[in-house]
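> Build out the structure end to end from the sequences listed, making use of the hints.
Per this note's numbering, the very first residue in the sequence shown carries number 53; after that it's consecutive.
Keep in mind the hints are simulated off the structure, nothing from the lab.
In this text, all values refer to a predicted model and were calculated from it rather than measured experimentally.
Honestly, I wouldn't trust all of these hints.
[Claimed, not checked] Within a straight-line C-alpha distance of at most 25 Å, the following computed DSS-like cross-link-like pairs (lysine-lysine) qualify:
#1 K126 with K206
#2 K206 with K272
#3 K226 with K149
#4 K254 with K132
#5 K236 with K138
#6 K244 with K132
#7 K132 with K272
#8 K138 with K226
#9 K143 with K244
#10 K236 with K132
#11 K196 with K149
#12 K126 with K189
#13 K250 with K206
#14 K254 with K196
#15 K226 with K242
#16 K132 with K250
#17 K236 with K226
#18 K189 with K138
#19 K206 with K260
#20 K244 with K156
#21 K250 with K236
#22 K206 with K143
#23 K156 with K143
#24 K138 with K250
#25 K206 with K242
#26 K250 with K260
#27 K242 with K254
#28 K272 with K126
#29 K138 with K156
#30 K189 with K121
#31 K272 with K254
#32 K143 with K132
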Amino acid sequence: MATEWLDLCISYAHSLSGGLAFKRTFVYISDRAQLTHKNQTLKMKRTTIWMSFCTACLLISLVSCEPRKAITLKETIAQKERVAYKILLDKNGPESKKLDLLVKEDYPGALALLNEEEQAFNGLISSLDSLSVDDIKQGSALKKAAIDYYAALKELYTYDRIQIAHQDSLSGLKGEALYAGQQKILELNKQKQLLFDKVFEKESVFHKEQESFNTANNIK
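Here it is as structure tokens:
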């Protein structure tokens with residue numbers, strides 16, 4: 053009886069031992085499965101991050117691939133507006149000084165400043181003409197529009213040479229000669245108005261070409 057009881061205890065112990073081994077094996081397999089799943093998840097996350105990084109780099113490269121030459125051309129032409137401002141509107145520019153001398157009826161001095169003003173415009177237009185537009189979409193059209201606009205401004209403001217010379221010729225005139233001279237001033241003013249209209253026309257074309265240039269080169 054004691055022997056049977058001992059065998060039963062040993063058998064029970066073996067069963068417990070086997071069950072514990074099975075549990076340990078199950079836990080081990082479960083842990084390995086979880087670890088494998090975590091590794092796969094980590095790899096997927098790394099892959100996702102890498103793909104996101106590559107996409108971001110691609111987008112950055114596309115943005116950075118905005119035509120650099122086109123942007124440089126646009127900025128260079130924009131700088132010419134500041135040059136024109138100094139010529140025409142700056143208090144120390146030739147146009148402002150010329151007007152001051154005209155008020156004083158210093159016609160020779162005004163004509164000298166007009167020559168300076170013309171040279172400044174020549175320099176501006178020459179610098180535009182020397183710009184390279186090779187391989188730049190709408191570059192030639194924009195360059196031409198800019199040159200035409202500033203050439204029209206030059207023509208308008210240097211037209212004062214004719215008006216100043218005529219005004220100077222009226223000195224000492226009287227009677228019918230003076231009247232005829234004054235009528236001539238009216239004719240010259242009408243001609244100058246046509247030059248104003250031409251400037252507005254060229255300015256409009258210049259503005260449209262700037263918009264077309266930005267669109268063609270994807271410049272915001």
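> For every hint, state whether the structure bears it out.
Status of the hints after comparison with the structure:
Distance check on the hinted pair: K126 and K206 sit about 21 Å apart at the alpha-carbon level, within 25 Å; holds. For the suggested pair K206 and K272, the alpha carbons sit about 30 Å apart, so the restraint of at most 25 Å is broken. Taking the CA atoms of K226 and K149, the gap is near 30 Å; set against the 25 Å cutoff, the hint is violated. For the proposed pair K254 and K132, the alpha carbon gap of about 15 Å is at most 25 Å, so the pair holds.
A threshold of 25 Å between alpha carbons decides the hint, and for K236 with K138 the separation of about 31 Å lies outside it, so the pair is violated. For the given pair, K244 sits about 24 Å from K132 by alpha-carbon distance, which is consistent with the 25 Å threshold. At roughly 20 Å between alpha-carbon atoms, K132 and K272 fall within 25 Å of each other, so this suggested pair holds. Restraint check for K138 and K226: not satisfied, since their Cα atoms lie roughly 39 Å apart, outside the 25 Å limit.
Between K143 and K244 the alpha-carbon distance is near 23 Å, which keeps this suggested pair within the 25 Å criterion. Between K236 and K132 the alpha-carbon distance is near 35 Å, which puts this suggested pair outside the 25 Å criterion. The hinted pair formed by K196 and K149 fails the criterion: a straight-line CA distance of about 30 Å is larger than 25 Å. Distance check on the hinted pair: K126 and K189 sit about 12 Å apart at the alpha-carbon level, within 25 Å; holds.
The hinted pair formed by K250 and K206 meets the criterion: a straight-line CA distance of about 11 Å does not exceed 25 Å. Our distance criterion of 25 Å between C-alpha atoms is met by K254 and K196, whose separation comes to about 10 Å. Restraint check for K226 and K242: the C-alpha separation of about 24 Å stays at or below 25 Å, so the hint holds. The hinted pair formed by K132 and K250 meets the criterion: a straight-line CA distance of about 19 Å does not exceed 25 Å.
Of the pairs offered as hints, the one joining K236 and K226 holds, with about 15 Å between alpha carbons and a cut-off of 25 Å not exceeded. Of the supplied pair hints, the one linking K189 and K138 is violated, its CA atoms being roughly 30 Å apart against a limit of 25 Å. Restraint check for K206 and K260: satisfied, since their Cα atoms lie roughly 21 Å apart, inside the 25 Å limit. Among the hinted pairs, K244 with K156 is consistent with the structure: their alpha-carbon atoms are about 22 Å apart, no more than 25 Å.
Taking the CA atoms of K250 and K236, the gap is about 22 Å. The hint holds against a cut of 25 Å. Between the alpha carbons of K206 and K143 the distance comes to roughly 18 Å, so the proposed pair stays at or under 25 Å and holds. For the hint pairing K156 with K143, the CA-to-CA distance comes to about 17 Å; that is within 25 Å, so the pair holds. Restraint check for K138 and K250: the C-alpha separation of about 21 Å stays at or below 25 Å, so the hint holds.
For the given pair, K206 sits about 18 Å from K242 by alpha-carbon distance, which is consistent with the 25 Å threshold. A distance of roughly 16 Å separates the Cα atoms of K250 and K260; the hinted pair therefore holds under the 25 Å criterion. Between the alpha carbons of K242 and K254 the distance comes to roughly 19 Å, so the proposed pair stays at or under 25 Å and holds. Between K272 and K126, the direct Cα distance comes to roughly 12 Å. Compliance with the 25 Å bound is thereby established for this hinted pair.
Taking the CA atoms of K138 and K156, the gap is near 22 Å; set against the 25 Å cutoff, the hint holds. Under the criterion of a C-alpha separation no larger than 25 Å, the hint pairing K189 with K121 is consistent with the structure, at around 10 Å. With a C-alpha separation of about 23 Å, the suggested pair K272 and K254 falls inside the 25 Å cut-off, and the hint holds. For the hint pairing K143 with K132, the CA-to-CA distance comes to about 18 Å; that is within 25 Å, so the pair holds.
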